[in-house]
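Visitor: Listed below, chain by chain, are the residues.
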Amino acid sequence: MSFPWAEHYTPKHPVMQWIDEKLPLPRLVYNAVGAGYPVPRNLNYFWNFGVLAGLALVIQIVTGVIMAMHYGANTLVAFGTVEQTMRDVNAGWLMRYAHANGASFFFIVVYLHIFRGLFYGSYKAPREMVWLLGLVIFLLMMATAFMGYVLPWGQMSYWGAKVITGLFGAIPVVGEPIQTWLLGGFAPGNASLNRFFSLHFLLPFVIAAVVILHIWALHIPGSSNPTGVEVKGPQDTVPFHPYYTAKDGFGAGVFLILFSILLFFAPNYLGHPDNYIEANPLSTPAHIVPEWYFWPFYAILRAFTVDFFFVPAKLLGVLAMFSAILMLFFLPWLDTSPVRSGNYRPTFKKFFWILIIDVLILGYCGGAPAEEPYVMISQIAGAYYFAHFLIILPLISRFERPLPLPGSITESVLNRQNIKGEQDALPGMGADPQPSNAG
Amino acid sequence: MVRIGAFLVGLFFAGWLLISFLVGAVAYVSEPPAKTVEHEFHKHPKDVDFSFDGPFGKFDRPQLQRGFQVFKEVCSACHSLKFVAFRDLAALGYNEAEIKAIAKQWAIKTPDVDPKTGEMSTRDPVPADYFPKPFANNVAAAAANNNAIPPDLSLMTKARHDGSAYVYSLITGYQSQPAELLKHFPDAKTPEGLHYNPYFANLNLAMAPPLTADGQVTYGDGTKATVDQMAKDVAAFLTWTAEPKLENRRRAGLATIVFLLIATALAYMSYQNIWADKKKAA
Amino acid sequence: MASVEHTDSQGLAGGDGVRRRDFINIAAVSFAGVGAVAVVIPLIDQMNPSADVLALASTEVDLSAIQPGQAIKTTFRSQPLFVRHLTDKEIAEADKVDASSLRDPQTLEERTVDGKKQWLVTMGVCTHLGCVPLGAGEGENRGEFGGYFCPCHGSSYDTAARIRKGPAPKNLEVPKFSFTSDTAILVG
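Chains as they are written, first to last, in this note's numbering: chain A, 1 to 439; chain B, 1001 to 1282; chain C, 2001 to 2188.
In short, the hints are calculated from the structure, not lab data. Watch out, some of these pointers could steer you wrong.
Said to hold, decoys possible - Below, a list of computed lysine-lysine pairs in the DSS-like style, where the Cα atoms sit at most 27 angstroms apart:
no.: 1; chain 1: B; residue 1: K1100; chain 2: C; residue 2: K2176
no.: 2; chain 1: A; residue 1: K314; chain 2: B; residue 2: K1245
no.: 3; chain 1: B; residue 1: K1116; chain 2: C; residue 2: K2073
no.: 4; chain 1: B; residue 1: K1072; chain 2: B; residue 2: K1046
no.: 5; chain 1: B; residue 1: K1278; chain 2: A; residue 2: K232
no.: 6; chain 1: B; residue 1: K1245; chain 2: B; residue 2: K1082
no.: 7; chain 1: C; residue 1: K2176; chain 2: B; residue 2: K1104
no.: 8; chain 1: B; residue 1: K1116; chain 2: B; residue 2: K1072
no.: 9; chain 1: C; residue 1: K2176; chain 2: C; residue 2: K2089
To be verified - Beyond 12 angstroms from chain C on every Cβ pair, some chain A residues (computed):
no.: 10; residue: G166
no.: 11; residue: F186
no.: 12; residue: A246
no.: 13; residue: H287
no.: 14; residue: W292
no.: 15; residue: T305
no.: 16; residue: F310
no.: 17; residue: I354
no.: 18; residue: L360
no.: 19; residue: I391
Computed from a predicted structure; not experimentally measured. Cβ atoms here follow ideal geometry from the backbone N, Cα and C, with glycine treated the same way.
Using the sequences and the hints, build the whole thing.
Guide: Written as structure tokens, this is what we have:
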């Protein structure tokens, strides 16, 4: 697609030829994920997570459609139908646990995918659109996951729905009418459950559509790579198939092994026991937390404890929580360094690792009870989170002196092989490939 | 423009969080949060060994049957088990006739409509029925139990942290309030009608100790029915009711993972093969 | 690409190596294929009746209140079930017919339990396209053969619920059932 030396699709079988003439779908696939898509030859394992996220989406849609076959979206029976599925439906427990843990694994791979993009500067020109569409997918995933968690109608489902829709209640004047409108009532009830079910079923297909746009946008400039140096010629690339299909096949195997370990041997490890108690509008669980993948944002929400003049702390928390994600849309224009890969940006790299630790701390605090010292810790960690993206990154890109870049992808591969004698061209994020003195 | 705006927003959020931190820290130092009685005296479940522990553990069928007996003779008077049907008892090793007899002789009857008059009535449960509830509704349950509603037990061991050990610890954990507690928290004296139990989240439990004496049930298999044994058996039974497919799950998991390990090894070899001409070998 | 390609040092020179490489690739892909098929099995099986549905797969029917000449309509596996108490006249009418001349040759004996010929238990599902035939209720059209009549496409069944006229290919189905006492049957 993007490079003149990409292989052209020439159907061999007459049937494929016939189809390709009428509807060039085989050609589209060939050019998207087949031999017709030239990919930098030096991608490391962190580039596996895009395909793995796609796999996770497929698992979620398949198991989700099946769960919907056995689910009753009514507050009187919802909890029971999920239990029924677990107990009586053939392989129902497998479908349910796969769907619940599949959501967690979807977020795990997407978070790794996002942090890979952050480290290697994948959000920078000319791939801004890929980044923006990725963030749209992330937002849709969060909405889908939140509504999905409400469906089993356990205690956490109910109180999660109440607390999250309550966030909108923080908006001045229109907040409460919006909350009532979202719920279709004054508290989560049948109307809320039905609309959440409907949207929870719809959104994954919207996600799939945006994923296609995401990949389309990626194919215009082609994939980035760990050096961040653009592809210079055919010697820098290999065809996606069979080189990266083989690598992704291996990656998918590892992913499925880890997924199976959790799914079959600790299916409730990431869940909360309270969600095995049927929703009870008259009794709040002692300790309400969302699912783990929301914890960092939940920590930011709770970190705001002091009113800012006439702005109540609650509203500040809501604004900050949404800003924590929405500000990422501006990232391509905040980090102006021409060097993409963190491997060649010594200062950036240090702060990147601080950010990782910071987000892990935020996550831990978000899952902890709302008491000291967790709130104080999340205040510090939250302050760094905002400062990192909005203040530190623009400053770094201004003052940092990047390391010399390799002349080309091929040169970096050759150098690494010559100097380190490594078999794999696959260093971890931290491993600094030795750049040549090409600069 | 973007960067100036971002700088200001970042300064605002980060700054206000730091100010919030300072305010919080000052408050924390000047008046440290009071310790709560739950914080000090609540205990985590005891360490118990069950046959189904670990990734390859299995249910002990005779133990499940004993636990079922405890449930039948003690717990079922107040607690429902609404997601379990009599037919499910086949998994405990009962045959069809035994299940039919258990259902027919169950002390609580299944509500139904009289086919002749259309009036509400009751009938003997059949294997296809779920365990009938001891109380018609929550109001009746609360009225009969000093305003506390006995929770359904079907999912109890999944609805608490370390649930199997929790059930065992709770049943065997009743005691009189420690003098230490009353000394530091004089207001926390267990109210009339409640029972002190350090394994319960808020320490005071409406349920009276359900197992009070050895031999409260008579086991058919000759096992000595100590309170400890009965508590363990019923905890095992309730683990089964919460996760009846536990053994299927582990079996399927083992097969899946073995298959995936081989498949992944093959995929890795295939990957290395395909890349052999692009990489220098070690 | 030529400028950067390295010579193979894995000792794969020669046809042997190439074949081994192909073999591993084929093995990996076929293994993945087997896995995919194995995953499909539970995905399909989940649509089969669940344990709670199967548990309700038998129905007990009390016959004590059904007078000769009357029929009741009840349900078995969520489908209508007809239980008819045949009169002597109806039995005689059914026996009169030469079974071999019928579209679906069966005698009344074959369709009832030994010694309880008067109890005709059939599904209330027309064997044509699954409508519920008339004739079980009081005053309903029983068709020209005095049994059941399906209004959808005019299939007529006789007093032994055998197809006599119309498009239906088979007699009304007799489910598996047994007498648990003189006045009660267990269907299924």
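Visitor: Going straight from one Cα to the other, do A:K314 and B:K1245 come out at no more than 27 angstroms?
Guide: violated, 44 angstroms
Visitor: Should the label of A:I354 as a non-interface residue stand, given a Cβ cut-off of 12 angstroms to chain C?
Guide: holds, 37 angstroms
Visitor: Next pair to validate is C:K2176 with C:K2089; report whether the Cα-Cα distance is within 27 angstroms.
Guide: Holds. C:K2176 to C:K2089 sits at ~26 angstroms (cutoff 27 angstroms).
Visitor: Over 12 angstroms to the closest beta carbon of chain C is the bar; see if A:H287 clears it.
Guide: Given a closest Cβ separation of 34 angstroms, the condition holds.
Visitor: Quick check for students: does the CB of A:I391 sit more than 12 angstroms from each CB in chain C?
Guide: holds, 42 angstroms
Visitor: Just to be careful, I want the Cα atoms of B:K1116 and B:K1072 compared with a cutoff of 27 angstroms; is the pair within it?
Guide: Violated, at roughly 32 angstroms.
Visitor: Can the restraint linking C:K2176 and B:K1104 be considered satisfied, given a maximum Cα separation of 27 angstroms?
Guide: Holds, at about 25 angstroms.
Visitor: Once the closest CB in chain C is found, is it more than 12 angstroms from A:G166?
Guide: holds, 36 angstroms
Visitor: Please settle this one: A:F310 was flagged as non-interface, so is its CB more than 12 angstroms from every CB on chain C?
Guide: The claim holds: A:F310 sits with its nearest Cβ about 55 angstroms from chain C, beyond 12 angstroms.
Visitor: A:W292 clear of chain C by more than 12 angstroms, beta carbon to beta carbon?
Guide: holds, 26 angstroms
Visitor: Does C:K2073 lie within 27 angstroms of B:K1116 when you go C-alpha to C-alpha?
Guide: holds, 15 angstroms
Visitor: Beyond 12 angstroms on every Cβ pair: is that true for A:L360 relative to chain C?
Guide: Nearest chain C Cβ is 34 angstroms from A:L360, so the label holds.
Checked against the numbered hints above, the structure breaks hints 2, 8 and 12 and satisfies the rest.
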